[in-house]
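**Student:** From first to last, the protein sequence lines stand for chains A and B. Heads up, the first sequence is in the working numbering, so the first residue is 1 and it goes up one at a time. Heads up, the second sequence is in the working numbering, so the first residue is 1 and it goes up one at a time.
Just so you know, not all the hints are guaranteed correct.
Said to hold, decoys possible - Residues from chain A shown here face chain B by an in silico Cβ test under 10 Å; the list is partial: (1) GLY58; (2) ASN73; (3) PRO80; (4) LEU197; (5) MET200; (6) ARG207; (7) HIS212; (8) ILE276; (9) GLU280; (10) ASN287; (11) ASP288.
Said to hold, decoys possible - In silico lysine to aspartate or glutamate, EDC-like type, Cα no more than 16 Å apart, as pairs: (12) B/LYS253 x A/GLU55; (13) B/LYS242 x B/GLU175; (14) B/LYS11 x B/ASP79; (15) B/LYS6 x A/ASP205.
Calculated from the structure, these hints are not laboratory results. Even for Gly, the Cβ is constructed at its ideal location relative to N, Cα and C.
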Amino acid sequence: MVEKLAELKVDYAGVKFRNPTVLVSGVLGTDAATLKMVAKRGAGAVTMKSIGPEERAGHNNPTIVATEHFMHNAVGLPTPGYKNLGDKWEALKGRDFPLIASVFARSVEEHAVVAEEVASHKPDLIEINLSCPNVKGLGHAFGTDPEVAGKIVEGVKKVSGKVPVIAKLTPNTHRLVEVGKACEEAGADGLVAINTLGGMMINIDARRPVLHNKFGGVSGPAIKPVAVKSIYQLYANCKIPILGMGGIINGEDAIELMMAGASAVGIGTAVHYRGIEVFELVIKEMNDWMDKNNVKKVSELVGAAHE
Amino acid sequence: MSDIPKMVEIKRIQKETKNIRTFFLDTAINSAPGQFLMAWLPGIDEKPFGVSFKAPELGITVEQKGKFTEELFFLKEGDKIGIRGPYGNGFDTEGVKTACLVAGGVGVAPINALAIELKQKGVEVKIILGARSQDHLSLSESLLQCGELYITTDDGSMGEKGFTTNKLRALLKDEKFDKIYTCGPEVMMIEVMKIADSNGIEMEASLERYMRCGTGVCGACSINGIMVCKDGPVFNSGQLKKLTELGKWARSKSGKKVTLDDYCRGKC
């Protein structure tokens, strides 16, 4: 099915995806077998679970809960650490799909240390997680300060060789566009937006926060308007391409984010609602809409909502 | 279905052994045998437990092993815990007229729910229940009401001294079953699979891996790219044979690939 849809091919930050759908970081990306499975089931590219400086277990459960409107998570960046991923890289050699390696660290300098090692395994893209809202001292603080974000991108660019570098931005700031521009000026090859929105849930019968971490990130249908606005503003102010994400459940959601300015679209929470089949389904739904509306190339839709 | 824990009252606590208790909960969650719940202790953690009794009261049978179960064992009747679910696929009992159930240790929990359902359906059931010792052996009274029960312990403190798999081999000398179901230590289940295979009998096993979401999103419980929480926890022998990590590898909470031995030791 997927092979017939040549008009869905996109180019993002110099990497060719056979269709615009991308498995986002933190969803199904723990092992190589799952990443291969997701690619086989239709995703145009897949993202590995964020790789950090040292082994971290993440938070206790509940780490992920959901309603029909949104998912709420604070997994806490579990990672074997960049030195403990040999088996995963080995199993991903010779792959026939684009691979995005997500990285996070605790300081400007440490980002470069992690990214340099990661780049040596030749992923197709390196995504800097400038924005995880769920761990104290990791990510979030970097993603809300344009100057720091720029320094991190600059440091990673110095060690990434030929691997393009993209920056994942947080919507939990009034400085989103400034941060995006700072990343662009520092040499980022692309932007990723948006990460989850900070939130909290309380179980009123238990009189306690639902997530073990108390606070977590909100994703899913409820945040789509925030994603659309963020992508729209970034597209209007930056030249580098955007991998758009936030609330995509079906093909029409994906097209909406592309019209806001996304060159490719991330799918994560939708796996909860529609299973791993979601990639095939979204691709088919995009294709159906394009057929109906006589759109020949999906790339024509990028930024179509801008005057 | 909302995948958020709901607080429910512990109606009754049944002491099975020194280390094992069954918690009956004041809720009506309709689950199939083999499905599991996520049980939450606010501020502590949330863990998956196979349903051991579906009706008239919903029960989970728990062995005290770590911090979470230690806290759970402090709770009394009338206290509340959070639960969400049921999750996973459950055992397939379609067309089965005769069945052999092989349970090891606290793996007996989902096997008990299955035994009750099979008995209700009129299936002829034989059950082999094994554990390290009497202290690790539970639900034998309930199982006795569902079919013929054979007990084995590694140390001979109850029933026959030896392994469940020896008993299964002995039974199969004279008998034939439509299906064999198993839950317990992975080494035991692999052996059960081999025995079932060599006798040309269909089988299903219920697996366990570290879980977070319960809905197949986070990827923590992957075994060869298959999500134990959603695609499983029950797999048939055809599926099990494709799992090259079975009996060898698991993933720790951090996602690091570790030997199954290390994984089990870290948890126990």
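**Student:** Which of the listed hints are not met by the structure?
**Tutor:** The structure breaks hints 4, 5, 9, 10, 11 and 13; every other hint is satisfied.
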